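The numbering of the sequence shown is our numbering, which starts it at 1062 and goes up by one.
No wet-lab data here; the hints were simulated from the structure. Keep in mind it's a predicted model, so treat the numbers as computed, not measured. In this text, a Cβ means the ideal position worked out from N, Cα and C, and glycines have one as well. Worth double-checking, as some hints may not be accurate.
[To be verified] With a cut-off of at most 20 Å between alpha-carbon atoms, the simulated SDA-like pairs for lysine to any residue come out as follows:
| # | residue 1 | residue 2 |
| --- | --- | --- |
| 1 | Lys1118 | Gln1095 |
| 2 | Lys1074 | Val1127 |
| 3 | Lys1164 | Glu1085 |
| 4 | Lys1165 | Ala1121 |
| 5 | Lys1108 | Pro1161 |
| 6 | Lys1074 | Glu1124 |
| 7 | Lys1175 | Lys1152 |
| 8 | Lys1165 | Pro1119 |
| 9 | Lys1164 | Ala1111 |
| 10 | Lys1108 | Phe1096 |
| 11 | Lys1152 | Gly1094 |
| 12 | Lys1175 | Pro1122 |
| 13 | Lys1108 | Val1135 |
| 14 | Lys1134 | Glu1145 |
| 15 | Lys1164 | Val1135 |
| 16 | Lys1134 | Glu1104 |
| 17 | Lys1152 | Gln1095 |
| 18 | Lys1134 | Lys1175 |
| 19 | Lys1074 | Gln1168 |
| 20 | Lys1108 | Lys1165 |
| 21 | Lys1108 | Glu1064 |
| 22 | Lys1165 | Asp1176 |
| 23 | Lys1118 | Pro1161 |
| 24 | Lys1118 | Asp1176 |
[What the hints assert, rightly or not] Label-pair restraints from in silico Cβ distances:
| # | residue 1 | residue 2 | range |
| --- | --- | --- | --- |
| 25 | Gln1150 | Val1126 | 41 to 47 Å |
| 26 | Pro1122 | Val1071 | 31 to 37 Å |
| 27 | Val1157 | Val1127 | 16 to 22 Å |
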Amino acid sequence: MDERFREVVVRTKELGETVLEALEHTQRLINEGQFEQSVYMFEEAMKGYAQIEAAIKPTAPAELVVHFDQVVKVANQIVAAYSEQEFEQAKEMLQVSMIPAFKKLDQAIVETYKDYLTQ
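Construct all of the structure, not just a fragment, from the sequences and the given hints.
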């Protein structure tokens, strides 16, 4: 087992937890009417996601790539809602689509690379 890849998977899992927290915090900020702050928090969450994607997607099996693609699709929809200042729509997409899609991706990463995470 490649020890360097194991480290990548472990750090990816940790970063995934941080990204999920950032997405949930983005949703709270919208609830509180802090729309501008929510934009920055969402941007930070997507930067973290981009690191996960760069580390894992190039060698990921097709069934895992589907989850990456779903997160990107929803992220693009949220960006469009933000650009139209449709904050309630962004909040709803976070709750109904993005957070569940990211959780599914995170779980798929854990399932795909469980051998690397259980050492």
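These are the hints, each one checked on the structure:
| no. | hint | verdict |
| --- | --- | --- |
| 1 | Lys1118 / Gln1095 | violated (33 Å) |
| 2 | Lys1074 / Val1127 | holds (18 Å) |
| 3 | Lys1164 / Glu1085 | holds (11 Å) |
| 4 | Lys1165 / Ala1121 | holds (15 Å) |
| 5 | Lys1108 / Pro1161 | holds (18 Å) |
| 6 | Lys1074 / Glu1124 | holds (18 Å) |
| 7 | Lys1175 / Lys1152 | violated (32 Å) |
| 8 | Lys1165 / Pro1119 | holds (18 Å) |
| 9 | Lys1164 / Ala1111 | holds (15 Å) |
| 10 | Lys1108 / Phe1096 | holds (19 Å) |
| 11 | Lys1152 / Gly1094 | holds (11 Å) |
| 12 | Lys1175 / Pro1122 | holds (14 Å) |
| 13 | Lys1108 / Val1135 | holds (15 Å) |
| 14 | Lys1134 / Glu1145 | holds (17 Å) |
| 15 | Lys1164 / Val1135 | holds (13 Å) |
| 16 | Lys1134 / Glu1104 | holds (15 Å) |
| 17 | Lys1152 / Gln1095 | holds (12 Å) |
| 18 | Lys1134 / Lys1175 | violated (26 Å) |
| 19 | Lys1074 / Gln1168 | holds (9 Å) |
| 20 | Lys1108 / Lys1165 | holds (18 Å) |
| 21 | Lys1108 / Glu1064 | violated (25 Å) |
| 22 | Lys1165 / Asp1176 | holds (18 Å) |
| 23 | Lys1118 / Pro1161 | holds (19 Å) |
| 24 | Lys1118 / Asp1176 | holds (17 Å) |
| 25 | Gln1150 / Val1126: 41 to 47 Å | violated (27 Å) |
| 26 | Pro1122 / Val1071: 31 to 37 Å | violated (19 Å) |
| 27 | Val1157 / Val1127: 16 to 22 Å | holds (19 Å) |
Hints 1, 7, 18, 21, 25 and 26 from the earlier list are contradicted by this structure; the remaining hints agree with it.
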